[in-house]
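Undergrad: Read off the chains here:
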Amino acid sequence: MAFEKYDFTPITQSIHQGLIENVSPLLTTIIEWTIIGVLYLLFIAVFGLFLVYAERKVCAAFQQRLGPMRVGPWGIIQTIADFIKLLMKELITPKSVDKFLYNLAPFIVIIVPFLTISVIPFAPGLQSLDFDIGIFFVTAVSSVGVIGVLLAGWASNNKYSLIGGMRSGAQIVSYELSVGMSLITMVILAGTMQVSEIVELQRGGWFLFKGHIPALIAFTIFVIAGTAETNRGPFDLAEAESELTAGFHTEYSGIKFAFFFLAEYINLFIVSAMATIVFLGGWMPFHFGDWAAFNNVMDFIPGLVWFFLKVFGIIFLIMWFKWTFPRLRIDQILTLEWKYLLPINLFNILLMATMVLLGWHW
Amino acid sequence: MKSFFNYIAEIFSGIWTLLTGMKITAKYFFTPWRNVTQQYPENRDTLVMYDRFRGEVIMPHNENNEHKCTGCGLCENACPNGSIEIISKSIMTEEGKKKRIIDQHIYHLGMCTFCNLCVRACPSDAIKMGQKFEHAHWDRSTFTKVLNQPGSKIMEGIKE
Amino acid sequence: MAEIIEKLITTDEIKTDEYLVNIGPQHPSTHGVLRLLTKLEGEIVHNVEPHIGYIHSGIEKMTEALSYPQIVHLTDRMDYLSAHMNNEAVCLCVENALQVEVPERVKYIRTIFDELQRLASHQLWWCASGMDLGALTAFFYGLRDREDILDIFEETCGARLTLNYSVPGGVMFDIHPNFQKNVKAFITKFRKKLPEYDKLLTDNIIFQNRTKGIGILSKEDAIAYGVTGPTGRASGFSCDVRKHHPYSAYPYIKFEEKMGTEGDSFTRWKLRMDEMWESMNIIEQLIDNIPEGDFAVKMKGVIKLPEGEFYQRVESARGEFGVYIVSDGKKNPYRVKFRSPGFSNLFTINHIAKGWKIADLVAIMATFDLVIPDIDR
Numbered sequence: 001m002a003f004e005k006y007d008f009t010p011i012t013q014s015i016h017q018g019l020i021e022n023v024s025p026l027l028t029t030i031i032e033w034t035i036i037g038v039l040y041l042l043f044i045a046v047f048g049l050f051l052v053y054a055e056r057k058v059c060a061a062f063q064q065r066l067g068p069m070r071v072g073p074w075g076i077i078q079t080i081a082d083f084i085k086l087l088m089k090e091l092i093t094p095k096s097v098d099k100f101l102y103n104l105a106p107f108i109v110i111i112v113p114f115l116t117i118s119v120i121p122f123a124p125g126l127q128s129l130d131f132d133i134g135i136f137f138v139t140a141v142s143s144v145g146v147i148g149v150l151l152a153g154w155a156s157n158n159k160y161s162l163i164g165g166m167r168s169g170a171q172i173v174s175y176e177l178s179v180g181m182s183l184i185t186m187v188i189l190a191g192t193m194q195v196s197e198i199v200e201l202q203r204g205g206w207f208l209f210k211g212h213i214p215a216l217i218a219f220t221i222f223v224i225a226g227t228a229e230t231n232r233g234p235f236d237l238a239e240a241e242s243e244l245t246a247g248f249h250t251e252y253s254g255i256k257f258a259f260f261f262l263a264e265y266i267n268l269f270i271v272s273a274m275a276t277i278v279f280l281g282g283w284m285p286f287h288f289g290d291w292a293a294f295n296n297v298m299d300f301i302p303g304l305v306w307f308f309l310k311v312f313g314i315i316f317l318i319m320w321f322k323w324t325f326p327r328l329r330i331d332q333i334l335t336l337e338w339k340y341l342l343p344i345n346l347f348n349i350l351l352m353a354t355m356v357l358l359g360w361h362w
Numbered sequence: 001m002k003s004f005f006n007y008i009a010e011i012f013s014g015i016w017t018l019l020t021g022m023k024i025t026a027k028y029f030f031t032p033w034r035n036v037t038q039q040y041p042e043n044r045d046t047l048v049m050y051d052r053f054r055g056e057v058i059m060p061h062n063e064n065n066e067h068k069c070t071g072c073g074l075c076e077n078a079c080p081n082g083s084i085e086i087i088s089k090s091i092m093t094e095e096g097k098k099k100r101i102i103d104q105h106i107y108h109l110g111m112c113t114f115c116n117l118c119v120r121a122c123p124s125d126a127i128k129m130g131q132k133f134e135h136a137h138w139d140r141s142t143f144t145k146v147l148n149q150p151g152s153k154i155m156e157g158i159k160e
Numbered sequence: 001m002a003e004i005i006e007k008l009i010t011t012d013e014i015k016t017d018e019y020l021v022n023i024g025p026q027h028p029s030t031h032g033v034l035r036l037l038t039k040l041e042g043e044i045v046h047n048v049e050p051h052i053g054y055i056h057s058g059i060e061k062m063t064e065a066l067s068y069p070q071i072v073h074l075t076d077r078m079d080y081l082s083a084h085m086n087n088e089a090v091c092l093c094v095e096n097a098l099q100v101e102v103p104e105r106v107k108y109i110r111t112i113f114d115e116l117q118r119l120a121s122h123q124l125w126w127c128a129s130g131m132d133l134g135a136l137t138a139f140f141y142g143l144r145d146r147e148d149i150l151d152i153f154e155e156t157c158g159a160r161l162t163l164n165y166s167v168p169g170g171v172m173f174d175i176h177p178n179f180q181k182n183v184k185a186f187i188t189k190f191r192k193k194l195p196e197y198d199k200l201l202t203d204n205i206i207f208q209n210r211t212k213g214i215g216i217l218s219k220e221d222a223i224a225y226g227v228t229g230p231t232g233r234a235s236g237f238s239c240d241v242r243k244h245h246p247y248s249a250y251p252y253i254k255f256e257e258k259m260g261t262e263g264d265s266f267t268r269w270k271l272r273m274d275e276m277w278e279s280m281n282i283i284e285q286l287i288d289n290i291p292e293g294d295f296a297v298k299m300k301g302v303i304k305l306p307e308g309e310f311y312q313r314v315e316s317a318r319g320e321f322g323v324y325i326v327s328d329g330k331k332n333p334y335r336v337k338f339r340s341p342g343f344s345n346l347f348t349i350n351h352i353a354k355g356w357k358i359a360d361l362v363a364i365m366a367t368f369d370l371v372i373p374d375i376d377r
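Residue numbers (our numbering), protein chains in the order written: chain A, 1 to 362; chain B, 1 to 160; chain C, 1 to 377.
For the record, the hints were derived by calculation from the structure and aren't laboratory data.
Take these hints with a grain of salt, some might be off.
Straight line, CA to CA, 25 Å or less: simulated SDA-like cross-link-like pairs of lysine to any residue [to be verified]: (1) C:LYS199 to B:LEU47; (2) C:LYS199 to B:TYR28; (3) C:LYS61 to B:CYS112; (4) C:LYS330 to B:LYS145; (5) C:LYS189 to B:LEU47; (6) A:LYS339 to B:SER3; (7) A:LYS89 to A:PHE257; (8) C:LYS192 to B:TYR28; (9) B:LYS27 to A:TYR53; (10) C:LYS212 to C:GLU278; (11) B:LYS128 to B:LYS145; (12) A:LYS89 to C:PRO28; (13) C:LYS199 to A:THR220; (14) A:LYS85 to C:PRO28; (15) C:LYS337 to C:GLU278; (16) A:LYS159 to C:HIS51; (17) B:LYS23 to A:TYR53; (18) A:LYS85 to A:ILE111; (19) C:LYS184 to C:LYS212; (20) C:LYS199 to B:GLY14; (21) B:LYS132 to B:CYS112; (22) A:LYS57 to B:LEU74; (23) A:LYS99 to C:VAL21; (24) C:LYS193 to B:CYS112; (25) C:LYS304 to C:PRO28; (26) B:LYS145 to B:LEU74; (27) B:LYS89 to B:ARG100; (28) A:LYS159 to C:LYS357.
Keep in mind it's a predicted model, so treat the numbers as computed, not measured.
My request is simple: use the sequences and hints to build the entire structure.
TA: Following this line, the structure appears as C-alpha cells:
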C-alpha cells in the first residue's frame with residue numbers, strides 16, 4: 001500500500017547496520033540505547049511543554065478568553081518561559097518532611113511515562129520495545145505512578161497533601177481495573193497483546209468499528225477511566241484546588257513540581273495514545289469500505305501524522321471533559337467505578353467474547 | 001427488574017445531561033470570534049471610558065488659565081478621607097480690600113475613594129471627575145497633586 | 001483471623017484519630033480571608049469552627065466620625081456585591097429619620113438598581129460556586145455576563161463595584177440617557193443566557209449528586225440562627241424584606257417570593273437561579289414606567305438626625321441587611337450597627353456541615369454565598 005513508503009524500519013535498520021559493522025555489539029547496544037533515551041527525553045520535554053500550552057489555549061477558547069498572548073506571538077513560548085522559571089526556582093524542602101521519600105516521589109512519578117512510552121508505536125517501525133505482552137506491560141507499569149503520588153502525599157507532612165494522596169490512591173487503584181478490563185475486551189477481539197500486531201490487525205478497519213457495540217462501550221469506559229487515571233478533568237480530586245489547595249504536590253516547588261506537572265501531561269498523552277492504538281487503529285489511515293480513491297488519498301498522509309491526529313482528538317476530548325464538568329466527590333468517584341463502570345465492563349467482556357466466538361464482527 | 005431498568009435509565013439520562021453541558025462549552029469553543037478578552041495595553045487608542053467614570057478629581061481650566069474654584073472648602077469638608085486640602089492666601093483687591101483666595105487645591109490621589117461627594121458639594125462646579133485611570137506610579141509623591149495650575153486665576157463672575 | 005476482624009469491627013480499638021485542618025485564612029474556596037478550623041476524621045467533617053476577624057475594618061466605628069452622606073460611601077465596602085442595597089439602607093434610614101419623602105423617580109431608580117445589583121451578585125455567586133465545585137468554565141461565563149451589568153452601572157454612576165449611587169434624599173446622578181435601552185437589551189440577552197447556565201450546571205448529573213440532599217438546614221434552625229435571604233428561604237422561612245416590609249418601589253410591583261422546602265444545597269442553588277428570573281421580571285415592570293421628576297430632593301448642607309434610634313432593613317443579595325443608627329442630634333451618629341446577613345448565615349455552618357465530607361463543606365459554603373467583608377465589617 002501507499003503508506004508503506006512512510007515506514008521507518010529502513011532508517012532504523014540502516015542505523016543499526018552501520019553501527020554493528022563498525023563497533024562491537026555491546027557498544028552498538030549502548031549507543032542505540034543512548035539515542036533512544038535522548039530521543040524520548042526530548043520528546044517528553046517538548047511534547048509536555050506543548051501540551052501545557054495547548055491546554056491553556058483550549059481552556060481559554062472554552063472560556064471565551066484568549067489565553068497566553070504575551071510571550072512570543074500568540075504566547076507560543078509562554079510554557080518555555082514558565083519552565084525556565086520553574087528551573088530557576090528554589091527547591092524548598094519543608095523542615096519536617098520525610099526527606100528521602102519526599103525527594104523520591106517526583107522521580108517515581110516521572111519514570112512511569114518513560115516506561116510506558118517505550119511500547120507506543122508512533123509510526124510503522126517507530127517503536128522501541130515491541131514484545132508480546134505490550135498491553136499487559138502498559139497496564140502494569142502505569143499503576144506504578146500512584147506510588148509516587150502516595151509517597152508525595154505522605155512524605156510532605158501536610159494534611160492537605162495526605163488527603164490528596166489517599167484520594168488519589170483509592171481512585172487510581174479502582175480505575176486501574178476499568179482501564180485493564182476495557183483493554184482486555186479489545187485484546188479478546190484482537191487475540192494478541194502485542195502492540196504492533198494490534199495495529200497491524202486494524203489494517204482492514206479500526207477496532208472501534210470492527211467490534212461495534214462492545215468496542216464502543218469499551219472505548220467510552222476507557223476514556224472515562226483514563227481521565228480518572230491521569231487525575232484530570234472531573235476526577236482531579238487528588239489536587240482538588242477548591243478543597244485541598246493543590247493536593248499531593250502542595251509542598252513541592254521548582255523542578256520537582258514541574259515533574260508532577262509534566263508527568264500529568266505525558267500520562268494524558270499515553271492514555272490517548274493507548275486509546276488510539278487499541279481502538280482507533282494507531283497509525284493506520286482512515287479507510288472507508290471500498291472507496292478506493294478516498295482510501296488512496298488517505299494513504300498519502302503519513303502514519304506519524306495519522307497517529308498524532310488521533311491522539312490530539314482524544315486529548316481534546318479529555319480536555320473538553322475537564323473544562324465542562326464539576327468535580328465529583330470521592331465516594332461518588334468510587335461509586336461510579338464499582339457500581340457502574342465495573343459491572344458494565346464485566347458484561348461487556350462477556351458480550352465481546354460471545355461476539356468473537358460467534359464471529360459477529362467485521 | 002424494575003430497578004434494573006432504572007439503573008439503565010439513570011446511566012443514559014446521566015450521560016445525556018453531561019452531553020448537553022459539553023454542547024454548551026463546545027458552542028463557545030467553536031465560535032472564537034465571540035471571545036470577550038480585551039487586550040488592554042494594545043487597545044488604549046480605542047478604549048473610551050464612560051463620561052461619568054470616576055477616575056480622579058480634576059479642576060478644569062479654560063484657555064486663559066482660569067478656574068472656578070473659590071477656595072470655599074466645602075469639598076474639603078465633604079471628603080470622607082481627608083484627601084482634599086485647601087490652602088488659601090490673602091491678597092489685596094484693587095479696591096484695597098483684603099480678600100482670601102485659593103492658593104493651592106491639594107488632592108491626595110492615594111487616599112481618594114472616588115466617591116464623588118466633593119464634586120457634589122462644590123457650589124461653583126469647579127472640580128469634576130476625570131476619566132484617567134492609569135494612575136500607577138513608582139513614586140508615591142506623585143499622588144499628591146495640586147489641582148489649580150500655577151498662575152491660574154479665578155474666572156470672572158464666580159460668586160464668592 | 002476472623003475473630004480479630006470481628007473484634008476490630010465491634011470495638012473502637014482502631015479508630016482514626018481526628019485531626020484539625022485550617023481551611024483558610026488563605027484558601028481558594030473561602031472567597032476571602034475566612035478561617036474555618038475544621039476537625040476531620042479522614043474525609044468526614046466532625047466540627048467546623050469559623051474564625052473571623054482577619055479583615056475586620058472597623059467600619060461601624062469609623063462611621064461615628066463621619067457625616068451621614070459619608071457613611072453611605074463606606075457601606076460599599078462591606079458587602080461589595082450588594083453595594084447599592086447597602087447604600088440604600090443607610091439613605092432610607094436617614095430619610096425616614098428626617099421624614100423626607102423622596103420623589104417617585106428616585107424610588108424607581110433605586111429599585112431597578114437593587115435588582116440589577118442582585119443579578120450581578122447572584123451571577124458572581126453562580127460562577128464562583130461553579131468554580132468551588134470544580135467547573136472552572138462556569139466561572140468565566142458568569143463573569144462575562146456580569147460585565148454587562150457593571151457597564152450599565154458605570155455608564156450611569158461612574159463606578160462598577162463601589163457604586164455610592166444613593167445619597168440621602170435621592171440618587172447621585174440622573175440615569176444615563178442610554179440606561180433604559182441598555183437594561184432592556186441586557187435582559188433580553190440574559191434571558192437567553194440563564195437556560196444555558198442551567199444546562200451547564202443545574203441539570204448536570206455530577207452537579208446534582210454533589211448538591212442534592214447535602215447540608216440540610218431545617219426551617220426551625222434557619223429561624224433560630226436568624227438565617228435570612230435566599231439561604232433562609234430555601235429552608236422554607238419566608239423572610240423577604242421586599243415582601244414583608246416593602247420599601248422604595250417594591251410596594252408598586254407584583255413579584256413572587258421564591259420559596260424552597262428542602263433546605264439542602266441544591267434548593268439554595270435553585271432558589272437563587274429562580275430569583276434571577278424574578279429580578280428580571282421586577283426590572284421589566286419598572287424600566288418603562290420610570291416617572292419624570294427630580295432625581296434628588298434638596299437636603300441641608302449638613303444633615304443632622306433628630307435624637308433617637310432608627311432602624312432600616314433592606315433585602316440585600318444575601319439576606320436582610322439592617323442599619324441601626326443611634327443619633328444624639330449631632331451631624332455624626334452616636335453609634336451605628338450594621339446587621340449583615342452573612343454573619344448570621346455563616347455560623348450555621350457547623351450545624352449543617354457535620355458528618356458530611358470535606359468536599360461537601362466546600363459545596364455548602366459555596367451555596368451560602370458568603371462575602372467575607374460582609375461578615376467582618
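Undergrad: All hints, please: hold or fail.
TA: Here is what the structure says about each hint:
Taking the CA atoms of LYS199 (chain C) and LEU47 (chain B), the gap is near 34 Å; set against the 25 Å cutoff, the hint is violated. A C-alpha spacing of about 14 Å is found between LYS199 (chain C) and TYR28 (chain B), which places the hinted pair at or below 25 Å, so the restraint holds. Restraint check for LYS61 (chain C) and CYS112 (chain B): satisfied, since their Cα atoms lie roughly 20 Å apart, inside the 25 Å limit. For the proposed pair LYS330 (chain C) and LYS145 (chain B), the alpha carbon gap of about 33 Å is over 25 Å, so the pair is violated.
With a C-alpha separation of about 24 Å, the suggested pair LYS189 (chain C) and LEU47 (chain B) falls inside the 25 Å cut-off, and the hint holds. For the hint linking LYS339 (chain A) to SER3 (chain B), the alpha-carbon distance of about 13 Å falls within 25 Å, and the restraint holds. Distance restraint check for LYS89 (chain A) and PHE257 (chain A): the Cα-Cα separation of roughly 10 Å lies within the 25 Å cut-off, and the hinted pair is therefore satisfied. This hinted pair checks out: LYS192 (chain C) and TYR28 (chain B) have alpha carbons roughly 14 Å apart, not beyond 25 Å.
Restraint check for LYS27 (chain B) and TYR53 (chain A): satisfied, since their Cα atoms lie roughly 22 Å apart, inside the 25 Å limit. At most 25 Å may separate the alpha-carbon atoms for a hinted pair to count; LYS212 (chain C) and GLU278 (chain C) meet this at roughly 23 Å. Taken as a hint, the LYS128 (chain B) and LYS145 (chain B) pair is honoured in the structure, with Cα atoms around 15 Å apart against an allowance of 25 Å. A hinted pair counts as satisfied when its Cα atoms are at most 25 Å apart, and LYS89 (chain A) with PRO28 (chain C) qualifies at roughly 23 Å.
Proposed proximity of LYS199 (chain C) and THR220 (chain A) is supported: the alpha carbons are some 22 Å apart, at most 25 Å. For a cut-off of 25 Å, the pair hint linking LYS85 (chain A) to PRO28 (chain C) stands: about 23 Å separates their Cα positions. For the hint pairing LYS337 (chain C) with GLU278 (chain C), the CA-to-CA distance comes to about 30 Å; that exceeds 25 Å, so the pair is violated. Proximity of LYS159 (chain A) to HIS51 (chain C) is assessed by CA-CA distance (about 19 Å); at most 25 Å being required, the pair is judged to hold.
A hinted pair counts as satisfied when its Cα atoms are at most 25 Å apart, and LYS23 (chain B) with TYR53 (chain A) qualifies at roughly 24 Å. A hinted pair counts as satisfied when its Cα atoms are at most 25 Å apart, and LYS85 (chain A) with ILE111 (chain A) qualifies at roughly 23 Å. For the given pair, LYS184 (chain C) sits about 34 Å from LYS212 (chain C) by alpha-carbon distance, which is inconsistent with the 25 Å threshold. This hinted pair checks out: LYS199 (chain C) and GLY14 (chain B) have alpha carbons roughly 12 Å apart, not beyond 25 Å.
Note on LYS132 (chain B) and CYS112 (chain B): the hinted pairing holds, with a Cα-Cα distance of about 14 Å set against a maximum of 25 Å. Distance restraint check for LYS57 (chain A) and LEU74 (chain B): the Cα-Cα separation of roughly 53 Å exceeds the 25 Å cut-off, and the hinted pair is therefore not satisfied. Proximity of LYS99 (chain A) to VAL21 (chain C) is assessed by CA-CA distance (about 23 Å); at most 25 Å being required, the pair is judged to hold. Taking the CA atoms of LYS193 (chain C) and CYS112 (chain B), the gap is about 37 Å. The hint is violated against a cut of 25 Å.
With a C-alpha separation of about 44 Å, the suggested pairing of LYS304 (chain C) with PRO28 (chain C) is violated against the 25 Å cut-off. Between LYS145 (chain B) and LEU74 (chain B) the CA atoms are separated by roughly 18 Å; this keeps the pair inside 25 Å, and the hint holds. With a C-alpha separation of about 5 Å, the suggested pairing of LYS89 (chain B) with ARG100 (chain B) holds against the 25 Å cut-off. As the CA atoms of LYS159 (chain A) and LYS357 (chain C) are separated by approximately 15 Å, the hinted pair is consistent with the 25 Å bound.
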